[in-house]
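Asks: Chains as they are written, first to last, in numbering that gives the first Met the number 0: chain A, 0 to 624; chain B, 0 to 311.
By construction, these hints were calculated from the structure, which means they are not laboratory data.
Hints are supplied without guarantee of correctness; some may be wrong.
Said to hold, decoys possible - Taking CB as the label site, the calculated pair distances span: (1) N178/A x D168/B: 36 to 46 Å; (2) S461/A x V62/B: 35 to 45 Å; (3) L462/A x A118/B: 44 to 54 Å; (4) K184/A x D168/B: 47 to 57 Å.
Claimed, not checked - Straight-line alpha carbon distances no greater than 30 Å define the calculated DSBU-like cross-link-like pairs of lysine-lysine that follow: (5) K157/B x K471/A; (6) K493/A x K40/B; (7) K157/B x K335/A.
Heads up, the beta-carbon is just placed ideally off N, CA and C, and yes, glycines get one too.
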Amino acid sequence: MRAMRRYEAEPRRPGARPRAVRVAAVAAFAAFGAMFVLTPAHAADPSKVIRHVFPAAETGFDPAGVQDLYSATIEQMLFETLLTYDYLARPAKLVPLTAEAMPVVTDGGKTYTVRIRKGIHFIDDPVFKGRKRELTAVDYAYSLKRLVDPKLRSPWAWLIEGKIVGLDEVAEAAKASGNFDYDAKVAGIETPDRYTLRIRLKEPDYNLPYILAHEPTSAVAREVIEAYRDVGGRAMANPVGTGAYKLKQWVRSSKIILEANPDFRGFTWDFKSDDPDDQPLIAAMKGKKMPQAGRIEVSIIEEDQARLLAFQNGELDLMDLGGPLAPNVLDGGKLKPEFVKKGVKLSRIVDPALSYVYWNLQDPIVGGLTKDKIALRRAMAMAYNVDDEVRVVRNGQAIEAHYPIPPGVVGHDPKHRSSLKFDPAAANQLLDAVGYKKGPDGWRNLPDGKPFTIRYASRPDSLGRQLDELWKKALDSISVRMEVQKDKFPELLKLERQCKLMMRTASWIADYPDADNFMQLLYGKNIGQNNNGCAKIPEYDKLYEQTTRMPPSPERDRLYHEMTRLIEVYAPWRLDVLTYRNMLVSPRVQGYKKHPILHAEWQFVDIGKPVAGVPRAAGGKAVPD
Amino acid sequence: MGAYIVRRLWQMVPTMLGVVLLVFFLFNWVGGDPAYVLAGKISNQEQIDNIRRQLGVDQPYWVQLGIFLKQIVTADFGASWSTNERVSHIMMTRLGPSLTVLVPLLFLTTLISIGLALAVAYVRGSFTDRMVMIVCTVGLSISILVYIIVFQYVFAYKLGWFPVQGWGDSFVENLFVYAALPILIALVVSIAPNLRLYRTFVLDEINQDYVRTARAKGVSENRIMWIHVLRNASIPIITFLMAELPGLLLGSFLIERFFSIPGIGREVILAVERSDFPVIKAITVYVAFATIATNLLADLTYKAVDPRVQLK
């Protein structure tokens, strides 16, 4: 609905550089050709095992049905999207996966045509009755339709809802009848032949290629879903895909074992990078047939200590360190000497995610666009010391965010510095100037003399409690009363969507690495969805609507700069922090580099074999090759 | 006896109803609306309403309560809201790992605690008795979290006697490899309070006239302690043990979380974190039922142990 509203508000402008997009698509394909060279068979060695850990349980493996990171990580290994990301290119760059080439864009950015590679097969399954089942365009068409099937209640409906010609009508009919007609003709999803998928959009959308690289749009076979689906229409426990791996064993919330897909086409490692730090990795991996690992073992270990001890004990090869454990392993941004001595490596990136504090612009105390309300929000923003949060709450594993588009996302500007800086003295002066005078009790009152209290909402967990304290300290420093509103996460979401929270620290992680995914968070028409501060700033909305009709370009970036300045001026947000992701890599692993968008890199790395005689499941020690 | 059992079974109904009402209203009061989480990052009110409709949380409370009662009667709690896994499958698959840890633990704790209680009660007031009680008091004062963290670090990581965490595919491997350290920790934690309690029960008996009479008649000390005293002390011990039994259904969530054991305790925590009401409902009802059933079983066992006990 978000996108539909966006396009309703601004009529489309036809002829938006189809030629440029076509040229870009051809160039991207050429680059891809140099990286992903097809090999006749996969090279996975069953004795090479990667042991990974998740800090939280997965939920299932239906691309349209799950929304948690850990299920999605496994899905990326089991299923394939039309497009994916180059392993080493930064910022993240799209390349074809099951597509022959990047989509051909015509009709002013409204029609995307993708050719699918021939000869890709789903893993064998009894549903296929002993026959090899080839991946075709119809599978992608089916998978896209599933996202808007009301019965499925997919959390990813928003990816295509309101965008594809004729699809919403079929979804509406399904709401009335109770059954989604997958055979109904959808004008915007066509398969003119077995290997061609044509998507026609209501309005140009330059983010569609990113959506085609997002795991909810992975191909599933209709007969598999129909055979294994539950009452909700999801096939959570029977993943049958075309990916590099297949599910061998699944003990829910405990252990996931993947085995190399013997029918996977494989590829030769030939990625390129200008980054000097990547050159040893390239030298070690170039020319290898991939994937190398024949087996992936994923353990779910919720407790920090158990996870770290398991890694140190040689029971794990890859581990996301997480903030609370950082002081045990890192000295600033580097590994402590004892870990370096053991040959452990660190792959560290700033996540494509943003943490921010929002104020509800519809709230009678902090909302509105009048001078006094803007001053109050700006003063609160200036009273908050992000450095304290980085040091105390984030254990040094974060940096202050200055731009609403995080690193690794198209549109990010590393040079931009926010004009809203920590300056409690200036914040006090500002409040004095606009009439928030102190009363006899020492607390400030509204310009009309009435007392007021800021309610900061947070979750009842340790992070929430620490942030409560920092914000209390900040608002005390400008003599503004604050109380904490505690609620469970679902309740906070509910109140937020109803514009009933006054302020809260929220975060957003990139669904796809484009600025739009972040800048839409303040778009007025997204109130009630993901505009959690219920902000409606006409100047911002006007600029945002312009950006949605533009492909990534310096011109679009200029508009994003203007929008960022509006955020600083009107202060609907206080940009908070960007967090580091620290991946610990055992000495056995070769070629690992954390990708900002891909959830797992298992198919791109090599791994030493375990020491003979040491049982794998018992966490036997292993040595590099 | 038969009439007594039937009467007790009838008495279960109002108790269970009380539990059902408590769980239902507590969840609806503090549980939060799961639709907002299940709807995903970007969703509109129509999608949220659709989810609420599918979950049935848009129905009036009395309708939801009726569905809950029907689920109890049919023992069909439907599917998990977050994973769509059948609740019955969750219970069946998670119970095994929990019992693998808790049954040997209950068995060992009971045997060791009773043996030690008899021994220290026999030498009551001696240096040994005092030292054992001091150790028990110190042991009681330390949180299980400390035991887990220290034992996991020392015995699993530093000494390498056990795996740090994990769970295998075979019962034997799980019992002797993965469950060994968790059982050891739980044993250390549970022996101290049990020993103190059982010692008190034994001391209550050891001063009775029948013990003096037995000694006067020349009965051996072993026979007095293991047959006469233990039999009479067993009624409060049985009461205590029966109260522990429903805990087998809940597992030991801390142990299971720290050692990545896919048991029912870990599932309870997950269900609470995810506001997964069908799972919470099922586990609560089963635990309540088990508690009532074990109470009845305890009463019947009293009669078997001591024929003087009258069931009315």
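Asks: Now tell me if each hint is right for this structure.
Replies: For each hint, the structure was consulted:
{"no.": "1", "hint": "N178/A x D168/B: 36 to 46 Å", "in the structure": "holds (40 Å)"}
{"no.": "2", "hint": "S461/A x V62/B: 35 to 45 Å", "in the structure": "holds (38 Å)"}
{"no.": "3", "hint": "L462/A x A118/B: 44 to 54 Å", "in the structure": "holds (49 Å)"}
{"no.": "4", "hint": "K184/A x D168/B: 47 to 57 Å", "in the structure": "holds (49 Å)"}
{"no.": "5", "hint": "K157/B x K471/A", "in the structure": "violated (43 Å)"}
{"no.": "6", "hint": "K493/A x K40/B", "in the structure": "holds (12 Å)"}
{"no.": "7", "hint": "K157/B x K335/A", "in the structure": "holds (19 Å)"}
When held up to the earlier numbered hints, the structure conflicts with hint 5 and nothing else.
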